[in-house]
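> Each chain, written out:
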Amino acid sequence: MINALLKGIFSLITGLVSVLMTPINLLITNYFPNVTSVLALVRNFFTTSFTYIGWCIDSTFISSEVISLIIAFFTMKLLVPIAINTIKLAIKWYHMLVP
Amino acid sequence: MIRDFKYIIKRILIGVGVALVLSFLRGNLLISAKALEPINVTPNGMCWMNDYTSVCNMTSPSTYQFSDRYFYGNTWGSDGDVKRFAWRFNRSNIGGKYYDIDLLFYYGGDTSFLDSNRGYIQNSENNIFSCHIDNTRWGVTDSTSSNAPAIGTAVVHCNNVYISDDYFRFYIMDGQKKYNAIFAVSQATLTPTSQQNVIDNQNDNTQDIIDSQENINNSINNSNVDSDTGNGFFDDFDNGDTATLTDIISLPLDFINSLNNACSPITLNLPFFENNVTIPCMQSYLSQFFPSALIDLIKLAINGFLSFKVLSSLIDFINSLKDPNNSDLEVMDL
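Sequence order for the protein chains is Z and W.
The first sequence begins at 13 in my numbering and counts up one residue at a time.
The second sequence begins at 5 in my numbering and counts up one residue at a time.
Don't read these hints as lab results, they were simulated from the structure.
Each hint should be verified, as a subset may be incorrect.
[Claimed, not checked] In silico negatives: residues of chain W with every beta carbon more than 10 Å from chain Z:
#1 S216
#2 Q217
#3 N219
#4 N221
#5 A247
#6 F277
#7 N280
#8 K303
#9 S317
[Claimed, not checked] Below, in silico cross-link-like pairs of lysine to aspartate or glutamate (EDC-like), each with a Cα-Cα straight-line distance of 16 Å or less:
#10 K313/W to D70/Z
#11 K303/W to E77/Z
#12 K303/W to D70/Z
#13 K89/Z to D258/W
#14 K19/Z to D320/W
#15 K19/Z to D70/Z
All C-beta atoms in this analysis are idealised placements derived from N, C-alpha and C, irrespective of residue type, glycine included.
Please construct the entire structure, taking both the sequences and the accompanying hints into account.
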């Protein structure tokens, strides 16, 4: 369940980033096509490297459950302050609008 | 300083002079050693060195009585010494066929002989003389030409044979027909059987090493290897591929997602090598050598420690939510 939740959060973030970056992506694709090739080299390098992470994690004897727990903890640690501040900001606006 | 410079120049000149003298002496010694190699000439034709033996170029049928001057020693001992003979025969109309050769060992005159096919003889003093010949079949190098020279070798084993007093004759056997005066052979190699075996083993080992090196060379230089693309090693770096900034920004998320990937053996497509290298998963590999209980114990220790640290951090984080000094995270005022 934790994995599914994390994947959902990541998909959401990826979608938001994609929407925000759309103008810049179009600019680069249309006016700097060679840059896209360089970016592809970088992406492919890391994608190829990521295929060996499973082997590396297996070599450290760390189980996938603990990995999920660590990822979930740091995700929560980063998201909770954002959520709290957002709620605080909303309450603050509410008090301003409804005296 | 000038004095030191002169001292260095002087030392260099002395070193160069010593090196020149040594190289001159070394060259002369090599030439001298080479000059000591035996060169044997028979009365019947020109001979030359070939491997362990010298070869005589016989242009006409003849017989030759061996004497001790054609051997390093004049005796075949009782331990079965081995001598190798080689010859070259230029008689016409001998090509395209294979011949047997026969060896007669003459002792005390032309009427007393021992055929290599007849076992041994015993004299009045109960000394046993015996000879036999290996590699009795010999042929012609170029079977398409009847006038090609015939080249062959023979290995002769003898016990208690005195070459200085006795002699051999070789005969060519063409089926049942025997050419009674055929050829003569010169220099022999005096190599005891045990030493010959050692040399043969060394040669075999050397050949094995050469074969293994050739195998390695073939694996590297095999024409089947795709040297243009490096066995697909560079496929992920093709220039035709494109990406956007979103792909780069999403890489950390991809990294986090890949942390939960199951382990799979790594197959390395090394460029320009025919065989791939496969690295197995470490846990499954170690399970072949260590009991599973030990591996589980190690996993329990590592994962327990990490879980403890994460849960401790989680408790601290929850406590920070109630900390009035932390205005960002404090939620008591909500």
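> Indicate, hint by hint, whether the structure satisfies it.
So, going through the hints one by one against the coordinates:
{"no.": "1", "hint": "S216", "in the structure": "holds (31 Å)"}
{"no.": "2", "hint": "Q217", "in the structure": "holds (33 Å)"}
{"no.": "3", "hint": "N219", "in the structure": "holds (30 Å)"}
{"no.": "4", "hint": "N221", "in the structure": "holds (30 Å)"}
{"no.": "5", "hint": "A247", "in the structure": "violated (4 Å)"}
{"no.": "6", "hint": "F277", "in the structure": "holds (18 Å)"}
{"no.": "7", "hint": "N280", "in the structure": "holds (15 Å)"}
{"no.": "8", "hint": "K303", "in the structure": "violated (5 Å)"}
{"no.": "9", "hint": "S317", "in the structure": "violated (7 Å)"}
{"no.": "10", "hint": "K313/W to D70/Z", "in the structure": "violated (20 Å)"}
{"no.": "11", "hint": "K303/W to E77/Z", "in the structure": "holds (12 Å)"}
{"no.": "12", "hint": "K303/W to D70/Z", "in the structure": "holds (10 Å)"}
{"no.": "13", "hint": "K89/Z to D258/W", "in the structure": "violated (19 Å)"}
{"no.": "14", "hint": "K19/Z to D320/W", "in the structure": "violated (26 Å)"}
{"no.": "15", "hint": "K19/Z to D70/Z", "in the structure": "violated (21 Å)"}
Consistency with the previously given hints fails for numbers 5, 8, 9, 10, 13, 14 and 15, ordered from lowest to highest.
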